[in-house]
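*Asks:* Read off the chains here:
There are 2 protein chains.
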Amino acid sequence: MTSLTGKNSIAGQWSAQGDETFTSVDPRTKQPGDVQFHNATKAEIDHAVNEAAAAFQETRHYPASKLADFLDTAAEEIEKLREELVETADYETGLGSPRLPGELTRTTSQLKAFASLLREGSYVDAIIDTAMPDRQPAPRPDLRRMLIPIGPVAVFSASNFPFAFATAGGDTASAFAAGCPVIVKGHPGHPATTELFTVALNNAVKACDFPAGFFSMVQGNGVEVGQNLVQHPLLEAVGFTGSLRGGRALYDSAAQRPRPIPVYAEMGSVNPFVIMPGAIEARGDSLVDTLVGSATLGAGQFCTNPGLVLILESDATQDFIQRYTAAMQAKQPEVMLNASIESGLARAVEQTVGAGGVDLLTGGEVVDGGGFCYAHTVMQTNSTTFRSNPKLHEEHFGPVTLFITCPTLDDLRLTLNTLEGQLTGTIQAEADEVEAARPVAEALRERVGRLIWNGVPTGVEVVYSQQHGGPYPATTAPGTTSVGMTAIKRFMRPLAYQSIPSPLLPDALKDENPLGILRIVNNEYTREPIQS
Amino acid sequence: MTSLTGKNSIAGQWSAQGDETFTSVDPRTKQPGDVQFHNATKAEIDHAVNEAAAAFQETRHYPASKLADFLDTAAEEIEKLREELVETADYETGLGSPRLPGELTRTTSQLKAFASLLREGSYVDAIIDTAMPDRQPAPRPDLRRMLIPIGPVAVFSASNFPFAFATAGGDTASAFAAGCPVIVKGHPGHPATTELFTVALNNAVKACDFPAGFFSMVQGNGVEVGQNLVQHPLLEAVGFTGSLRGGRALYDSAAQRPRPIPVYAEMGSVNPFVIMPGAIEARGDSLVDTLVGSATLGAGQFCTNPGLVLILESDATQDFIQRYTAAMQAKQPEVMLNASIESGLARAVEQTVGAGGVDLLTGGEVVDGGGFCYAHTVMQTNSTTFRSNPKLHEEHFGPVTLFITCPTLDDLRLTLNTLEGQLTGTIQAEADEVEAARPVAEALRERVGRLIWNGVPTGVEVVYSQQHGGPYPATTAPGTTSVGMTAIKRFMRPLAYQSIPSPLLPDALKDENPLGILRIVNNEYTREPIQS
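Protein chains in written order, with numbering that gives the first Met the number 0: chain S, 0 to 531; chain R, 0 to 531.
For reference, chain S alone in the conformation it holds in the complex (with noise of 0.2 angstroms):
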């Protein structure tokens, strides 16, 4: 087993200048952890953004090959730990098997996906006009634009993903990738699996013969680590996954800045989950336990978690609720990840049962016992008291369903039109009611980053199509995402050459194409190299 230091790594070395520390917590058992962790001090921040913008000064010029047997190397190393990482993930989080291990090959899997894109080539987005000498009044320059990297990235881990919205998650992934050194600030609910990953991620920059400074690993547990890191003058973008709250407080604070800089926080979502009246009859025992699955899954904690499901009034509507109340209170809860967790959606259904006109169904309190833990929890309320509150239009961070009755679809879709914005919305509907549904379709489209038919929003496949975001306040920045291929693009930044001379132009943008990457030239798409 590796031996925990509970410190900083700065540039590939342990650091503890700092008095401040804090344990891991068992949730199933509130005990703390015996390993103190330090929490980095604005020297140790500064000196590892420094070694950061000294890295990219190297790593900007690299070739994406490079680059990409870096992630694959990344993905090994991880590999290497996968006994010792789920056992530390489980023993700090709680999510248990299968889900440490299927997430923890989720993580390695995107790494090399990354890799795969890289090698490809074209994620460059290389746009080229040719030279018009001879164009009256005046000559056209030669004019080649790509996408190139931006620099030091700091990486907010999330709680409710050790694995793949943490250290080497979705974000380090695609800012690795896009050339861009990165700053991890870990979790403090999982700073030893944080202190894990960060060994592999630093044996994959010492066998690739990185730049040390290519990736650093701050720990802190209060806001001052972030906010002093988010500060940095040469830091170049941040990505965050977590509560509004956080992500807000450092999107405001880095807009602050003297020179501002983009801020990708993606923070979470009460995922309208819209019913039609044909999936109920067809179908209303399967989507219970459908609903139920996705509603609970890791005890709830997904950012994609169906918070607010809709559906029309009627008396089928009435049972198939029933029905799924009855099925949420028989399934066993399961432990949450840490204290503030609990304590804030023991607030936060409290504050939904107490806004009148919402009953509370089932659950509603914190199950006693070891851990941390909060009953399966299912509230109803009628569309007319919903719209006129926006308080309940906010996310409950946990196993908990509100229902919301609609007179009318027309109502339905009215109701839709009051939601912010929204990671995901669902449509369960039958066949026959394609044409029905679309005007829900159109009202949630304006509203979301994911439209899903007849599935769950739980469960975000890592592909080149995927788009995890929307309008805030599921992100502060809805035209991009975190996971997917095109997520590499929030940390680059396209510069255009004017008549550079072919030796100082990138292998992208060379009148030969000498990496075969497909290009725009002079309006058309084409692999084919120019012909001078």
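No lab work stands behind these hints, which were simulated from the structure alone.
Only a predicted model underlies this, so the values are computations on that prediction, with no experimental measurement involved.
Please note: incorrect hints may appear among the correct ones.
As the list makes no split between identical chains, a pair holds if one copy fits it or if it spans any two.
Keeping only pairs whose Cα atoms sit at most 25 angstroms apart, straight-line, the calculated SDA-like set for lysine to any residue is [unchecked claim]:
| # | residue 1 | residue 2 |
| --- | --- | --- |
| 1 | K488 | N521 |
| 2 | K488 | G420 |
| 3 | K488 | A254 |
| 4 | K488 | Q230 |
| 5 | K65 | P438 |
| 6 | K390 | L233 |
| 7 | K205 | R81 |
| 8 | K65 | E434 |
| 9 | K509 | E429 |
| 10 | K41 | T417 |
| 11 | K111 | N521 |
| 12 | K488 | N522 |
| 13 | K390 | R258 |
| 14 | K111 | P138 |
| 15 | K330 | D25 |
| 16 | K488 | E523 |
| 17 | K29 | S242 |
| 18 | K111 | D133 |
| 19 | K111 | T129 |
| 20 | K65 | K488 |
| 21 | K111 | P136 |
| 22 | K509 | E523 |
| 23 | K509 | E434 |
| 24 | K488 | E119 |
| 25 | K488 | P505 |
| 26 | K488 | G120 |
| 27 | K79 | S115 |
Take the given structure of chain S and dock chain R to it, following the hints.
*Replies:* Same frame as chain S, now just chain R:
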């Protein structure tokens, strides 16, 4: 001739609810015009954005071909007013001929270029990953992603490009192309020109039977109109071209909204211009002409004006600077746009000359006479002085050149490293200096949006590959451009469709690929339909 109303245009209706008015000022005589233009009231702005949001409910469904027809019609309607536009803008800006006729051609060409982009259709970046029903441990759903329009956009006109970066300029063209309604905030320096463009765009809206709210125009000569616009809850994005102070104020305002929105502000630059010794030796005289031409174009009022010339210390350099100074002195200065640009330039030059260690070689004063005018100005300092005083790094918006002499090429490179973000960077060098210039190119690359070899930064080609942007403070959004075909991406966001039935899918994502666009299907670029 069109008779001017002095009113705002709210969804096709002329409106003048407010009491505050202002007039055009003839920069050649400083005399006010006859027409009183009305500042838009908060109620008028509210009405405009509400109508834009209502229009968007229709235009978001428009096929690209319909939007393309609108752009072509807008170009035609503008051409119908060509003579009036050129005459009016000349009266309001003093920019004269051939500049204004050329800029008008560029403006209508830009609208037509976006129409071509839409007809080709691949700009929606369609990416498809088909289902894998047999995948273990769980089936993979079908996922299809494309860009969709974001909604109402506010566009702030620039003073120095009354056509190309104004009412129907690049921001408006790209937002329209995306399918987004636009509310233009006219620049107070050319309100009559703004009104004429408004007539043309309103005609296009009518001719194409678009909803009237697709375009509105508000006038305003203070900050309040712009702030009211940016704070409107239904606004989705802002395009701006102008000063750092103005752009940053809008950025801050938008970031502090309850729901922040992106601000794409292009805020100017000092555009470092590096001359290698070989170039001075081989073609010093022609370089003097080239540089004078670029630095004085449009009275130097270009955001791409080469304001900072970095050059190696030598006798040949000193001789070059003398010849340049003589040529600037000999050339007749042109009229400037308005009083605030003239006084702002006078303040900026005064600050630089007063900073210590800076020699004023010629100019440095307002030119007395009928109009707004500032003498062609040349200043010189050394790299040590320059690096030690950030005030010297600020823009002089006008016909002003600051030479920085550097003892060595390495010192020059280090000096570049102290610069803030820039729209452009230029290197003038001979063919045998390519390798010597490499470190200069690498240093510039990290700071600019466009890197130029043996050209001048003024003159921004409207081509697919153009990148008119750059790191802050050149812009607030270095990942985007305000010129060139990719400018459209600023006003779109990705949406993923998961397992959505074909009738509810946009054409761009249907199996049959009815638009024949290039798509990424299961990681391969193809225009082929998907075999189901």
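*Asks:* Should K111 paired with D133 be assigned to within, between, both, or neither, using CA atoms and 25 angstroms as the limit?
*Replies:* between (47 angstroms within a copy, 22 angstroms between copies)
*Asks:* How would you label the pair K65, P438 (within, between, both, or neither) given a Cα cut-off of 25 angstroms?
*Replies:* Classified as between: cross-chain Cα gap 22 angstroms, same-chain 48 angstroms, threshold 25 angstroms.
*Asks:* Pop the pair K111 and P138 into one bin, within, between, both or neither, using alpha-carbon distances up to 25 angstroms.
*Replies:* For K111 and P138, only the inter-copy Cα distance (20 angstroms) is at most 25 angstroms; the intra-copy one is 45 angstroms.
*Asks:* One pair to classify: K509 and E523, alpha carbons no more than 25 angstroms apart. Within, between, both, or neither?
*Replies:* Intra 16 angstroms, inter 23 angstroms, cutoff 25 angstroms: intra and inter.
*Asks:* Is the C-alpha distance from K488 to P505 at most 25 angstroms within one copy, between copies, in both cases, or in neither?
*Replies:* Both. Shortest intra-copy (18 angstroms) and inter-copy (24 angstroms) distances satisfy the 25 angstroms Cα cut-off.
*Asks:* Give the relationship of K509 and E429 under a CA distance limit of 25 angstroms: within one copy only, between copies only, both, or neither.
*Replies:* between (53 angstroms within a copy, 20 angstroms between copies)
*Asks:* Since the copies are identical, ignore which copy is meant and state whether K488 and G420 lie within 25 angstroms (CA to CA) inside a copy, between copies, both or neither.
*Replies:* Both: 22 angstroms inside a chain and 20 angstroms across chains, each within 25 angstroms.
*Asks:* Checking an output row: K509 and E434, CA cutoff 25 angstroms. Within, between, both or neither?
*Replies:* between (50 angstroms within a copy, 17 angstroms between copies)
*Asks:* One pair to classify: K488 and G120, alpha carbons no more than 25 angstroms apart. Within, between, both, or neither?
*Replies:* both (13 angstroms within a copy, 21 angstroms between copies)
*Asks:* What label fits K488 with E523 when the C-alpha limit is 25 angstroms: within, between, both, or neither?
*Replies:* both (22 angstroms within a copy, 18 angstroms between copies)
*Asks:* If the cutoff is 25 angstroms on CA atoms, where do K79 and S115 land: within, between, both or neither? Let me know, please.
*Replies:* within (21 angstroms within a copy, 52 angstroms between copies)
*Asks:* For K488 vs Q230, is the C-alpha pair at or below 25 angstroms within one copy, between two copies, both, or neither?
*Replies:* within (22 angstroms within a copy, 28 angstroms between copies)
In terms of the numbered hints stated before, the structure departs from none.
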